[in-house]
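Q: Protein chains in written order, with my numbering: chain A, 1127 to 1391; chain B, 5 to 806.
Calculated from the structure, these hints are not laboratory results.
As the structure is a computational prediction, the values presented were derived from the model and not from experiment.
A hint or two may mislead.
[As the list claims (entries may be wrong)] Simulated crosslink set (DSS-like; lysine-lysine; CA at most 25 Å straight-line): (1) B:Lys130 with B:Lys83; (2) B:Lys357 with A:Lys1357; (3) B:Lys154 with B:Lys130; (4) B:Lys357 with B:Lys447; (5) B:Lys162 with A:Lys1357; (6) A:Lys1303 with A:Lys1357; (7) B:Lys620 with A:Lys1357; (8) B:Lys601 with B:Lys357; (9) B:Lys130 with B:Lys214.
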Amino acid sequence: MTSQLSKRRTIRSVLVAIDDASAGPETMEAAVNLAVDLEAELQGLYLEDVSLLRMAELPFVNEIATGSGAVRQIDAESMRKAMQQKADQLRQAMFHRAESAQIHCTFTVASGRVLQRVLLATSETDVVFFGCRSHAPSVRPPTSLRPRGAIRPVLVMIDTSPHSRRAWEIAEAVAQKHLRPLVILLLAFDRVTLRQLTRDAMERSQATRLQVTLLPQPITNLPSLIQTVRKQRPELVLLSRECPLLDDEAIESLVDQLDCFTVLA
Amino acid sequence: MADPNRLSSSQLRWTCGTEHLAFDTTDDLQDLEQILGQARALDAVQFGISIRRDGYNMFVLGPPGLGKRSTLNHFLTMKASCEATPDDWVYVNNFEQSHKPLALRLPQSRGAQLQRDMAGLVDELKTTIPLTLEMEEHQNRIQEIEQEAKQRHNLAFKELAERALERGIQLVRTPAGYAMAPIREGEVLGPDEFEKLTSEERARIEEAVKDLQEELRELVERVPRWRMETRERIKQLNQQATKAAIGHLLARRRQEYIDLPAVLEYFDALERDVVEHSEDFQPQEENPGAVLGLQVAHEPEFHRYQVNLLVDNSDTRGAPVVFENHPSYQNLMGRAEHESRMGTLVTQFTLIKPGALHRANGGYLVLDALKVLQQPYAWEGLKRALNTKELRIESLGDALSLISTVSLEPQPIPLKVKVILVGDRMLYYTLYQYDRDFAELFKVAADFDEQMDRTPENCELYARYIATMARQEGYRAFDRSAVARVMEQSARLAGDSEKLSTSMQSIANLLRESDYWASTQQAKIVSRAHVDLAISKQVYRANRVRCQVHEQIARGTVMIDTQGESVGQVNGLSVIDMGNFSFGQPSRITATVRLGKGELIDIEREVDLGGAIHSKGVLILSSFLATRFAQTRPLSLAASLVFEQSYGRVDGDSASVAELSVLLSALSNLPIKQSLAVTGSVNQRGQVQPIGGVNDKIEGFYDVCFARGLTGDQGVVIPRSNVKHLMLRQDVVDAVVEERFHLYAVETVDEAISLLTGVPAGELNEAGEYPAGTVNQRVAARLEELFDIRRQLSLHSKEDKS
């Protein structure tokens, strides 16, 4: 599937957007690997939140360190340096990985909020990659305690938009390369569309050797969609940027609340 | 009138008459079952093997080549086969203290069974535990816990964020943590906007930020505790599931080992450990992003559930008999090996290797005593094990407290073994004298004799031994002439015509080589000629040095006279021992005398070339002279004795007769016949005592004389007490028969000096004087003369002073 993708060169670029709410190095690493899988160019984007700089100039605002809870005084200069340092680290990591993986990459630092900025930039890239995002510290138990036997699947949300097919192709390619089960979540408002999507998915699934699970259930609202996705415990979720069921706000919310990598195709 | 000192040819060698051998060839003889000529040693060996008491280990002593090891092997194998086979020993992990592995004792062959069972159990656990933990129901419960934890977190942060918003503050994420930022109309306030606020407003915001920061700090501090709680809950859930799942697997094993409480205890500990580490049995963990190729290998280690089968007696029948040829400390005591991991040397209980003591536990361990003593700390380790009756494996570094790295301290194993050391006598007596533990630990000594009496019965047994060897080794049959020649050579090896050598190694070599030479001549039977050839070839291969020495004498480089007479000069005899070959060599000994105060100077001793025994011999001469010739006046001479052209150490007192004779010659001014050589030691009373190597010494002088041409006057003077030791070469005997060479036996130094000078020694008459013209009279007169000169000198000296 990867070769088919590469022959057609349907995916030319992968944009990975990272801000301070993202797990930066992990996200960067995973994005590089996706770009390698797709033989695509990688565009790194680090977003500095200008509101943090303003906040840092207030003398009574302190920073509470993640993990230790230590209270630190901050100022604009130290905040700027911290952001620059993080950007530099990400840039170096990305270039180093891209060089060893022999893919082309660029890295940009911009100001603004991730999702807003990325959603604006979707017209300039084929695929947008998001890391795990959370405003709360990680509460996942140590990996040693989690059931290791269950291989986490790749989940793709299929709708009627043309970009949905691209997401499907990428999902198949990644699942095939990494021997992962593929979960296909069919999104439709009405049963007729759902049946049609189910039929298409079944036909397509039979042509692959993948372990495919179809979830042809109608999704009534965003929380239920998030719950359904979470229940599958996916490693990677792919969806169309033009999904008629999800507006920008819903996509932002979805990316924010899923505990996994997300690809917007 | 026949010379009473001269020996007849029949006294020079024992010849084994074939008429006494009642067989044609060794094929006619039965195998010999017993060990030859070692009755005392065999009695000790049987006693030492049989007695089961503390400290009754055994030291088998005697020179090499007596068959000590083969004898031991024979008796030990026989005894051990009737004894019970000892238990197996295994080391297993100590789950409480992993650096102290536990030793388990199991009946024969069940150690290997336990090892197999545990390997099978681990395989089953690897399947069962992941299946259990991956079951949907179990995973759902874990997810519930995770979800619950996540919700609690999210809720806590959400509530904090909401409370903050109510006060116009937003919870924001910073590069390294969190902060509380004041906002207005959805945007974070900058310092300019903040300054524009009223002082009350600013104070309110500052107060709110301060309160919320404190709440945030407390919340962030709670996160690790929550994470730990979640972890504990999931762990407990995993453990409960695992315990339930593996119960039946262990129950089956417990049933199989129900008669072994120690094993059951181990199973209990193992079960607790498996439950505790159930996550190790799950398939390899993948780090985040694994789906995108970011896999980091993490191989769980199951070695702690393995069984290290230290001693496996599955194939042992009876008690073990172990011969350890390289008794290093580690080879004896066992060791914990190390392996390299990421450049670091690590060890674990599966790397514990047994030593010879482990393998011999419950049986017998045979060691070469010298090798044990040569290996650093092996002797100390062996004694410690025997004293404590337990086997404790520790590295030399730990044992000597040289290093203090974390290492294994395996549980000691009870030791019940009989150790048998094999070594030479000197080693035994040295250990007995200087090692205070030795006598306590090695109470039985089996002393192997180098020779046996040459009785008709023993000769018959010897012939049967030859026959047995020939059959066992596939040699040709030996006819009785060959057997007779082997026995004659055996007597020569024993250095005694009335004894036979028990050095079976030498005899075996002679049989082997005789068979070889017979084969080169296509002979079907080994005869006397083949044995003779084998002996002469042995000598030829080994006698390069002898040829060189004799050549130097023949060419006059080493000055030895074999004709004529000379005052103060005599031919002494010495033996050069090359280890596998020894030969005799004549040495010129000279003496000079002068006025003195009784000093007898041994030049060899003066230059530290004389050994203690040689010095003792020379001092005895001084004492003899004083006793015989200086009863009423002091000895007024100074004499010097020297081994001419001797540049190495001289030891032994076998030249003391020669030295006394040459001294008497110098004093009496009577020349000594250079056609004679003399050997023997002398005591203070002038009695001649036996010496060693008499055959080599005689043959050495004979060879020198023969090379120059035998004159018919040449011969050797030996102690009469050495006559029974004569086993001379046939050519020497033949020369004596033909009166071309002579052997004289003497009992006193007077007999010796008479033979050497041709002048009677002279006996003291009733008047206390020696007959005129005799050696002793001339010596006494010379000493009197020296005394007078000394007295005159003393008087002149006093007159000069007055």
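Q: Hint by hint, note whether the structure agrees.
A: Okay, the hints, checked on the actual structure:
Between Lys130 (chain B) and Lys83 (chain B) the alpha-carbon distance is near 47 Å, which puts this suggested pair outside the 25 Å criterion. As the CA atoms of Lys357 (chain B) and Lys1357 (chain A) are separated by approximately 52 Å, the hinted pair breaks the 25 Å bound. With a C-alpha separation of about 31 Å, the suggested pair Lys154 (chain B) and Lys130 (chain B) falls outside the 25 Å cut-off, and the hint is violated. Only pairs whose Cα atoms come within 25 Å are accepted, and Lys357 (chain B) paired with Lys447 (chain B) is rejected, the gap being roughly 30 Å.
Restraint check for Lys162 (chain B) and Lys1357 (chain A): satisfied, since their Cα atoms lie roughly 22 Å apart, inside the 25 Å limit. Note on Lys1303 (chain A) and Lys1357 (chain A): the hinted pairing holds, with a Cα-Cα distance of about 23 Å set against a maximum of 25 Å. About 106 Å separates the Cα atoms of Lys620 (chain B) and Lys1357 (chain A), which puts this hinted pair outside 25 Å; it is violated. For the proposed pair Lys601 (chain B) and Lys357 (chain B), the alpha carbon gap of about 73 Å is over 25 Å, so the pair is violated.
Between Lys130 (chain B) and Lys214 (chain B) the CA atoms are separated by roughly 54 Å; this puts the pair beyond 25 Å, and the hint is violated.
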